[in-house]
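Novice: Chain by chain, the residues run as shown.
Number of protein chains: 2
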Amino acid sequence: MENFVAYNPTKLVFGKGVVAQLGKEAQPYGKKALVVIGKGSVKKNGILEAVYQQLTEADISYTLYEGIKSNPIYEDADAAVAQAKAFQADMVVAIGGGSVIDSAKAIAAGYYVNHSVWDFYLRKAPAPTKALPIFSVLTLAATGTEMNMFTVLQSDAEKAKHGYGSPLLYPKVSFLDPEYTYSVPQNYTAYGVADLIAHSLEQFFDTSNSPLSDASAAEIIRLAMQYGREVHKNPHSYEARANIMWLATAALNGSLSAGKLGGDFGVHGIEHCLSVLFDIAHGAGLSIVYPAWMRHFYSQIEGKLTFLAQRTLHTNATANDFIVELEKFFTEINTPIRLSEAGIDREKHALILDNLKQNNPKGRFFKLIEADYNSILHLMA
Amino acid sequence: MENFVAYNPTKLVFGKGVVAQLGKEAQPYGKKALVVIGKGSVKKNGILEAVYQQLTEADISYTLYEGIKSNPIYEDADAAVAQAKAFQADMVVAIGGGSVIDSAKAIAAGYYVNHSVWDFYLRKAPAPTKALPIFSVLTLAATGTEMNMFTVLQSDAEKAKHGYGSPLLYPKVSFLDPEYTYSVPQNYTAYGVADLIAHSLEQFFDTSNSPLSDASAAEIIRLAMQYGREVHKNPHSYEARANIMWLATAALNGSLSAGKLGGDFGVHGIEHCLSVLFDIAHGAGLSIVYPAWMRHFYSQIEGKLTFLAQRTLHTNATANDFIVELEKFFTEINTPIRLSEAGIDREKHALILDNLKQNNPKGRFFKLIEADYNSILHLMA
Numbered sequence: 010m011e012n013f014v015a016y017n018p019t020k021l022v023f024g025k026g027v028v029a030q031l032g033k034e035a036q037p038y039g040k041k042a043l044v045v046i047g048k049g050s051v052k053k054n055g056i057l058e059a060v061y062q063q064l065t066e067a068d069i070s071y072t073l074y075e076g077i078k079s080n081p082i083y084e085d086a087d088a089a090v091a092q093a094k095a096f097q098a099d100m101v102v103a104i105g106g107g108s109v110i111d112s113a114k115a116i117a118a119g120y121y122v123n124h125s126v127w128d129f130y131l132r133k134a135p136a137p138t139k140a141l142p143i144f145s146v147l148t149l150a151a152t153g154t155e156m157n158m159f160t161v162l163q164s165d166a167e168k169a170k171h172g173y174g175s176p177l178l179y180p181k182v183s184f185l186d187p188e189y190t191y192s193v194p195q196n197y198t199a200y201g202v203a204d205l206i207a208h209s210l211e212q213f214f215d216t217s218n219s220p221l222s223d224a225s226a227a228e229i230i231r232l233a234m235q236y237g238r239e240v241h242k243n244p245h246s247y248e249a250r251a252n253i254m255w256l257a258t259a260a261l262n263g264s265l266s267a268g269k270l271g272g273d274f275g276v277h278g279i280e281h282c283l284s285v286l287f288d289i290a291h292g293a294g295l296s297i298v299y300p301a302w303m304r305h306f307y308s309q310i311e312g313k314l315t316f317l318a319q320r321t322l323h324t325n326a327t328a329n330d331f332i333v334e335l336e337k338f339f340t341e342i343n344t345p346i347r348l349s350e351a352g353i354d355r356e357k358h359a360l361i362l363d364n365l366k367q368n369n370p371k372g373r374f375f376k377l378i379e380a381d382y383n384s385i386l387h388l389m390a
Numbered sequence: 010m011e012n013f014v015a016y017n018p019t020k021l022v023f024g025k026g027v028v029a030q031l032g033k034e035a036q037p038y039g040k041k042a043l044v045v046i047g048k049g050s051v052k053k054n055g056i057l058e059a060v061y062q063q064l065t066e067a068d069i070s071y072t073l074y075e076g077i078k079s080n081p082i083y084e085d086a087d088a089a090v091a092q093a094k095a096f097q098a099d100m101v102v103a104i105g106g107g108s109v110i111d112s113a114k115a116i117a118a119g120y121y122v123n124h125s126v127w128d129f130y131l132r133k134a135p136a137p138t139k140a141l142p143i144f145s146v147l148t149l150a151a152t153g154t155e156m157n158m159f160t161v162l163q164s165d166a167e168k169a170k171h172g173y174g175s176p177l178l179y180p181k182v183s184f185l186d187p188e189y190t191y192s193v194p195q196n197y198t199a200y201g202v203a204d205l206i207a208h209s210l211e212q213f214f215d216t217s218n219s220p221l222s223d224a225s226a227a228e229i230i231r232l233a234m235q236y237g238r239e240v241h242k243n244p245h246s247y248e249a250r251a252n253i254m255w256l257a258t259a260a261l262n263g264s265l266s267a268g269k270l271g272g273d274f275g276v277h278g279i280e281h282c283l284s285v286l287f288d289i290a291h292g293a294g295l296s297i298v299y300p301a302w303m304r305h306f307y308s309q310i311e312g313k314l315t316f317l318a319q320r321t322l323h324t325n326a327t328a329n330d331f332i333v334e335l336e337k338f339f340t341e342i343n344t345p346i347r348l349s350e351a352g353i354d355r356e357k358h359a360l361i362l363d364n365l366k367q368n369n370p371k372g373r374f375f376k377l378i379e380a381d382y383n384s385i386l387h388l389m390a
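First to last, the protein sequences are chains L and C. Sequential numbering of the first sequence, starting at 10, is according to the working numbering. Sequential numbering of the second sequence, starting at 10, is according to the working numbering.
Only chain L is shown next, with the shape it has when bound in the complex:
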């Protein structure tokens, strides 16, 4: 086992009706909230209203920033920072999925500086020394951002997507009501499942010896496949929604990083090039890249794949069985496994390769160079 630090101060409040605790939890942190949402679905389904009521009962006034995109751009975060400063906000309340919460993290750090939030992501600005307290109400089970210190934003102009992390960016309290995800459409539910499986795999393919982490990653993947199928058949199953929601948090809240060196994340790097170029959902990109990446590195990861196969399928399953089953599963729940299925045809390959060379995603354990990009691109076609 490698030396590690286990630290996660976020309070996660999980279950039916938990938003009723938001006012009480936010009250100690101030009097004014910037509320951040996406394209407005939370206005229609009553979730925004429920949060407003909580804030009002806690004597917290609020201003709304609306319109975070699903591949969130730094310009929105910068505009929201300006609004938060004008309002003299004491806190940020994010209602949405990973895009909205990741933007809220940027806003929280951007509040105390006079440069674009993008400079954090480009490592052009010094690390933040303070940030507004962040509260999140999750409406999409996928990225795990509700219980970690990471955020990913992109620049459309630069065609680049970058991650950033700071211990200041753990949400203070996150509220996860599985019933809030009943209305997530089938495809976005599937992308979320692909995302959580990918997060487990990224840490599993950190080859540091950490037996509990590897076993836990396999269990998360096994249950994600089981409840991913269940929720595909029955989107209003509370148990299926609740399990998927908790698995997505558990896949990236630090429990899998114990005894490891931070995961591989080469697949994430490749995927970021796809979603920044074609505006596809992150999870949809991941379900395309991972099977190709596994086939490309097959000879180096056969032992680890066999472990996964035996723990998620059956005791005699082979490494290749796992890849085949993963593709079958992704196809069943309707998330793409080939670029062509996402409407990205062969004439775009040169564009993808250029972007890969420009952004140069590396992978921490399975190093990526141009020859790897070519091979993986071929396998994704």
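Calculated from the structure, these hints are not laboratory results. Heads up, some of the hints might be wrong.
No distinction is drawn between identical chains; accordingly, a pair holds when it is met within one copy or between any pair of copies.
[To be verified] In silico lysine-lysine, DSBU-like type, Cα no more than 30 Å apart, as pairs:
#1 K53 - K242
#2 K133 - K33
#3 K33 - K48
#4 K376 - K25
#5 K376 - K94
#6 K25 - K371
#7 K25 - K168
#8 K313 - K25
#9 K33 - K357
#10 K94 - K242
#11 K40 - K181
#12 K52 - K376
#13 K168 - K133
#14 K371 - K133
#15 K337 - K139
#16 K48 - K168
#17 K337 - K53
#18 K357 - K40
#19 K53 - K366
#20 K25 - K41
#21 K181 - K53
#22 K371 - K40
Assemble chain C onto chain L, guided by the hints.
Specialist: Relative to chain L, chain C alone:
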């Protein structure tokens, strides 16, 4: 899944040489530390000296409270509170196993009140509203107290052992160096393994439906048996010591309580009666009570035991196979499975039964009444 809160603000610093970070971590919390230790082994092996050096470098002066017993008594905590008050301590630094850290938690809360700490455990005093910051340097892998909010103390006069919990009692930072456990004798190493397996089982026998929790409990138990055997053979195996140390933390740091209602803990209640009467190690008591408890409730838990058997042994294993294998494992690593093996003969049964009736341990899911005590006592003989 039941509604739950996942919250654990303790920072766990794990690995070789991590005590070198203690000074830096403690410095922001004040200038004066009460250092708490047990019977003095940390004086001989250099750990106390290493901590003193860290405190000195961080410009923190200290006073030492020495002599916490292995089944810790509240009188020691009260005496240490008086010493801390006289010294005007800003923090408590515990160096030891569960007994020392549990005592440090009592001291931290007791510092701000004018009654015995025991009144917290008896629920005679209101909950603490503040507590000194707690730092821990763990020297025995077992109880998980280094990363949770619980503490257990006892009264020898009352022949009673009680637990207490408060969010104020999470250690700020805990330092876990597996090399510090190399010198733990074989029997105490085994008791620690029994303790961590028992913690996993207590939560596993919370019958609320929480699939990731159940799967994780099974993985912790499987690995505890694997590395428990390994460390028994090779006490200086870093990987074995590191795995046991992390498994003990993971078994009771909240990750298994997600989606559950707090665990059963009937076995812990019964064990407390044994260790308070006969001053045996808590883990040694648990390895005696659990097999008997499983046989007593066999018909109600056969399905759950079969799940455990299949995930920890092999796919065709039966419920009874698990009990037999657990007893075989405990015997192999030299922790007792019968009262007689702990030197408690049949003439003591009446005394045990009286103490059980007096303290009346219940179990949250598998309710215990006098008839159960009798049957379990018979099975433990």
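Novice: Could you figure out if K181 and K53 sit no more than 30 Å apart (CA to CA) within one copy, between two copies, both or neither?
Specialist: within (26 Å within a copy, 43 Å between copies)
Novice: Could you figure out if K337 and K53 sit no more than 30 Å apart (CA to CA) within one copy, between two copies, both or neither?
Specialist: The answer is neither: 35 Å in one copy and 60 Å across copies each exceed 30 Å.
Novice: One pair to classify: K33 and K357, alpha carbons no more than 30 Å apart. Within, between, both, or neither?
Specialist: Classified as neither: same-chain Cα gap 51 Å, cross-chain 52 Å, threshold 30 Å.
Novice: Between copies, within a copy, both or neither: which fits K168 and K133 at Cα up to 30 Å?
Specialist: within (18 Å within a copy, 64 Å between copies)
Novice: Under a CA distance limit of 30 Å, which applies to K376 and K94: within one copy, between copies, both, or neither?
Specialist: Classified as neither; 42 Å inside a copy, 56 Å across copies.
Novice: Up to 30 Å between alpha-carbons, please classify K313 paired with K25: within, between, both or neither.
Specialist: Result: close only across copies, 26 Å inter versus 38 Å intra.
Novice: Have a look at K25 and K371 and pick one of within, between, both or neither, based on CA distance no larger than 30 Å.
Specialist: Classified as between: cross-chain Cα gap 29 Å, same-chain 41 Å, threshold 30 Å.
Novice: Quick one: K133 to K33, C-alpha cut-off 30 Å, is that within a copy, between copies, both, or neither?
Specialist: Cα proximity of K133 and K33: across copies only (28 Å, versus 38 Å in one copy).
Novice: Could you figure out if K52 and K376 sit no more than 30 Å apart (CA to CA) within one copy, between two copies, both or neither?
Specialist: neither (44 Å within a copy, 47 Å between copies)
Novice: Is it within, between, both, or neither for K53 and K366, if the alpha carbons may be no more than 30 Å apart?
Specialist: neither (42 Å within a copy, 58 Å between copies)
Novice: Can you give me the call for K371 and K133, within, between, both or neither, at a CA distance of at most 30 Å?
Specialist: within (20 Å within a copy, 60 Å between copies)
Novice: At 30 Å max between alpha carbons, let me know whether K48 reaches K168 within a copy, between copies, both or neither.
Specialist: within (22 Å within a copy, 63 Å between copies)
Going down the numbered hints, you'll see the structure goes against 5, 7, 9, 10, 12, 15, 17, 18, 19, 22, while the others check out.
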